[in-house]
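Asks: Here the protein sequences line up with chains A and B, keeping their order. Numbering-wise (the working numbering), the first sequence opens with residue 7 and increments by one. Numbering-wise (the working numbering), the second sequence opens with residue 7 and increments by one.
Check before you lean on any hint, since a few could be wrong.
Pairs count within a copy or across copies, as identical chains cannot be separated in the list.
[Unchecked claim] List of simulated lysine-lysine pairs, DSS-like, C-alpha gap at most 30 Å: (1) Lys87 / Lys278; (2) Lys453 / Lys376; (3) Lys401 / Lys649; (4) Lys529 / Lys652; (5) Lys119 / Lys26; (6) Lys141 / Lys445; (7) Lys401 / Lys26; (8) Lys652 / Lys718; (9) Lys278 / Lys315; (10) Lys453 / Lys569; (11) Lys66 / Lys447; (12) Lys26 / Lys462; (13) Lys462 / Lys376; (14) Lys66 / Lys112; (15) Lys472 / Lys26.
Calculated from the structure, these hints are not laboratory results.
Protein chains: 2
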Amino acid sequence: MRSKLFFVLLMMVNIVMGQKTLTLEDVMSGGNNWHNLRPENLYTAWWGNTPLETTADEVKELLTGNSLISVERFNEIAGEKVAFSGHNILLPYGDKTIAQVRTGSKRVQIDWKQGNVVWSQPIPDGAANQDFNLKSRHLAYTVKGNLYVLTEEGQTSQVSQDGSVDDSNDIVYGQSVHRDEFGISKGTFWSPDGQQLAFYRMDQSMVAGYPQVDISQRIAAVTMDKYPMAGETSHQVRVGIFNVASRRVNWLELIGEPDDYHTNISWAPDGKTLYIFELNRDQNDMRLMAYDTETGKVRKQLLQERHDKYVEPMNGLLFLPWDSSKAIMQSRRDGFNHLYLLDVNNGKLEQLTYGDFEVQEVVGFNTKAKCVLYLSNAMDPRTSCLFSRNLAKPKCTLIGAGEGVHSASLSEDGQQVIDRYSAPTLPRSINLYDTKTGKGKNLLTAKDPWQEQGYKIPEITSGSIKAADGQTDLYYRMVKPVDFDPTKKYPTVVYVYGGPHAHNVDASWHWCLRGWEAYMATKGYLLFILDNRGSEWRGREFEQVTFRQLGVEEMKDQMEGVKFLKSLPYVDANRMGVHGWSYGGFMTTSLMCTYPDAFKVGVAGGPVIDWKYYEVMYGERYMDTPQQNPEGYEKCSLLNKAKNLKGRLQIIFGYNDPTCVPQHTLSFLRACEDAGTQPDLFTYPGDGHNMFGRDQVHLHERITRYFDDYLK
Amino acid sequence: MRSKLFFVLLMMVNIVMGQKTLTLEDVMSGGNNWHNLRPENLYTAWWGNTPLETTADEVKELLTGNSLISVERFNEIAGEKVAFSGHNILLPYGDKTIAQVRTGSKRVQIDWKQGNVVWSQPIPDGAANQDFNLKSRHLAYTVKGNLYVLTEEGQTSQVSQDGSVDDSNDIVYGQSVHRDEFGISKGTFWSPDGQQLAFYRMDQSMVAGYPQVDISQRIAAVTMDKYPMAGETSHQVRVGIFNVASRRVNWLELIGEPDDYHTNISWAPDGKTLYIFELNRDQNDMRLMAYDTETGKVRKQLLQERHDKYVEPMNGLLFLPWDSSKAIMQSRRDGFNHLYLLDVNNGKLEQLTYGDFEVQEVVGFNTKAKCVLYLSNAMDPRTSCLFSRNLAKPKCTLIGAGEGVHSASLSEDGQQVIDRYSAPTLPRSINLYDTKTGKGKNLLTAKDPWQEQGYKIPEITSGSIKAADGQTDLYYRMVKPVDFDPTKKYPTVVYVYGGPHAHNVDASWHWCLRGWEAYMATKGYLLFILDNRGSEWRGREFEQVTFRQLGVEEMKDQMEGVKFLKSLPYVDANRMGVHGWSYGGFMTTSLMCTYPDAFKVGVAGGPVIDWKYYEVMYGERYMDTPQQNPEGYEKCSLLNKAKNLKGRLQIIFGYNDPTCVPQHTLSFLRACEDAGTQPDLFTYPGDGHNMFGRDQVHLHERITRYFDDYLK
């Protein structure tokens, strides 16, 4: 399969000789012309098994064009202006002509056939973390540290009593825990019938606060942001279940240590069992536990997964709609992330997908055909294509194009899918398929808006080189300067991320080009982006080579990229720069200080400088604790390498970065000052780990200027 | 007198054709060769009326060279190693052969004649703000917020009870108040006999804390530093008197408002009256009050001084040693700072000095001849020379050289003075004079160490131009590049401070050259430094022209300097830069944003950005409050001018600056980001308002590099 795609990999995007030159206003999402340069789009949704198109004015049937409900009509029925766009009108029930709108202050359901309001409820003041169950119409929400439930009928229950109501955040209920690691993004979980609510309680009274200073106040004010640093005391999480009818809470009798991780909460279809993937703080021993929701006691331990390095549960159980004793589970136990069918009665696993590729996402089920639909990069490591696995037959079938990067949205019964994708020379394609036959129709194929509007577009290619281990294929994207002349030598900038759970090169439009790269290409730079070992979708070994020594192998791979670049006649080896943000800021600073002769200029954003200042969950997974792995922490610490800095390095950070706290950058500055080296610095007060809107434009003007000043 | 000195003013420092090139290590006080390039020195002190020379090993009579006490002998007598250098051995009593040493943990007095320890006392643990009275040998000190007195006999009294013992600093005793403005530098004041202690109590519980973040901790920690910002709630000060014998405190019954200023505390010679210069918060109404130290009640109001703009008491009363009813007072009431003789019985004032110059310091009295000795710039605005005023005769007599910048130290009876000075071509001169006859001898004339060691020295000149008012003389220093060629055009850097209570140009060695300027001159820059209106020693009107609009007139004057520079054929008008720190950082940023075409490059250190973020005392004196003077604050705020930034401006600040808090710089960044302009930035974590030691070298390497990058 790989060899078949070889041509695609090296095939370059067509060079178009446009007239206009891209500016930052064109290529950055905060730019004032960015929206005009997005590929044409079609906004789709489902009403049960009916595909919909939403517009600013209405919701209509996609295939017939019949209007179902307009914004105007919704407001007429509601008797007030609550709907503002067709995109925000939900048709939540496939069997009912009900449309729902949520504003900042209320939820309204109307029946567009009957022309009446069927249900409406104000949202309580200050309600955060809203979790609305469409079936029961009960709403879970939090106010400060406490959790509340507002029933369909309007009855409010205060589920928790001891949540912090001051600004301490010592004890919080119903919020995401474990700093959003392990796939966790919320803290409330309704049972399928919407009558029970599982929720997290997090006690972080023992966690140190990181001082975040808000300079926008009349007098700068400080907030102590709970931030458990690697090796330091972490928070403690419990799980409770609130029964709406009895208004009582059952607490699960969790096993293990108080600072264990309780991840990927899943309900059994009958609501009698709750499944939790539990992990020790060392993250090398994971157990799938089943709890009796009535008694809170352990029903059974279904599975255990251990690994010398780490185990990282990222997905909960997905029960088969037609068999409540079986669920889809994802695991990297064979070295790649694959699908398994778990029998919850006996913990038996049946592997559903195999191979040196990874399942990226489960899309859902075709209930009638008894298929599970998923995205994987089986076609090529850079792709994400849609497949169907019939649970009865050990066969995976590609649905839609076998190229590009897809996302998919299933109809209620899973027999139809709206498939969206882009490919290196295809900005956007939207298709409607039958998930059984794979047949369907194209809904939209967008033209290249840059080309259409007459912009000069750089040549963008992708290819592979060998990693520093001499064996592994690594994929790169190369962006050549506009008006490229192979006899010239160009200043070259390596953009890098390099950390786990992310990649920079894939087979989406322009090989996943970042707009800034196109801008740099118009200014005469060559850009090179390589996904080193440690990055995502390449399997466990590929990722775990970095264990206990983050940055070391990643840098070796990036230096293979440098070697490759230096072999190209049009790359000016004396004018090489490097830029990256977050983990990429760590990589940039590491490269500048570890290989000081390789890069003349670097721009590092929001960098990790020493992993001891990073959070427990992510940090200890890859590095263990500073106590367990002192030599690893020392080896990777840029505080020890500050003295090696030779080229020009600008570090930029969000002044209120809650992720890579400012202590990283500031400690590095202190180390450079003590060592007599001279980095440069910039910061965005009020911004966090990333810059958005106009700040993003400002930031990239700044980054560009730095390369212009010292590399060009 | 002025015209006589005209030649001196324009006389240039000799150009010497050395071989060696100055480096930052040579010219910065934190540099590793700085100490080798200091002019030769002689360390002197007094033992009563006997002039002494101190060395690392001993204390000897200056004139005879007879050794009085060696470090070795001191320790032999003390029975322990407490003395480490002759410079730290004090001979406190002119009539006794007693030598005193203070270590970190004890005070020891020995009799070098008798060869015994006469008194010794350990210093209490954690004692801060130590105030030791030599007469009574009582020690006042503070621990956290409370004040203590340890008597000569070793008895400890806790003077205050409600001082803060946590880290809040809400209530503090015995510490400097009013943020060290009004000449205040301490919080305890012994009566002449050392048996009563006047002290400050400052309640700052109502003052907002500014969050200062310490990133050197394992997890960054915050301290809330009490910082009353202009227009915000200020602290409240009271004055108490502790009687050592009775161990009781009498509180003065202060008049006025709770946030008035109580400055320049002075004791009457008999210890029965305490004098305080009291000032309203608006700083335009000053009263000299006399309090009965027994009852705490007001004895009388001796004087009142009002001014439309402000009155700024900076000096206390100095009672005549031969007449306890009269004291020397300083006042700017006639437009210049002059000496007055105050009769404390009736408040009558007799003016002792007159003229368009300022008295800079009272040195002391010749008790026998009944003269007061003082420094003034009567000879030339840039000088500080020693004068004597016989109180019986209205005549001021110059003592010593009528050039240069002097400091003076009197013998106990004031009949002899050790006079130290330097002049533009004279690195150091030390002389011993009879204060009555003015006769004496030269003790040391230092040679130019730069010249001696064969360094290339730039040409350094001083001259004057007219201020923007067309009338006032402003003085400048110009440093020409080494190997100056008048046919070339040089990049030129204006160094600026520009604020009150400071000057940059005087007639000391090299016209008060800062080492960095010499370094820049070796790199081919021309430097120009102009003391604009608003700076010190030029009288009230000269200073107060800036009232309610800081920066405006100062910038106009600096632009006159620019005009002058542009008239010089060897100044490259297209390559002009500006650099300054603190008020000079404010000026630099103001100039870059107000006259964006004048300067291509600026480096601003620890700048004020908006006076509303500056402290009450200094800020409101010059700007009134933001409530009283909103248009002035708006006009001077650089937040409003951030949009004008055009050239390259680097702002550098101490990350823990307690004076110009980081909110200044960070708010400016935010304003620039919002306006789309691009300043540069650097910070020194752990440093305050200024950098010292190696950081100072690092800083100037950085500043230099910025000019090299963008101006050269």
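Asks: Sort out which numbered hints this structure fails and list those numbers smallest first.
Replies: 1, 2, 3, 5, 6, 7, 9, 10, 13 and 15
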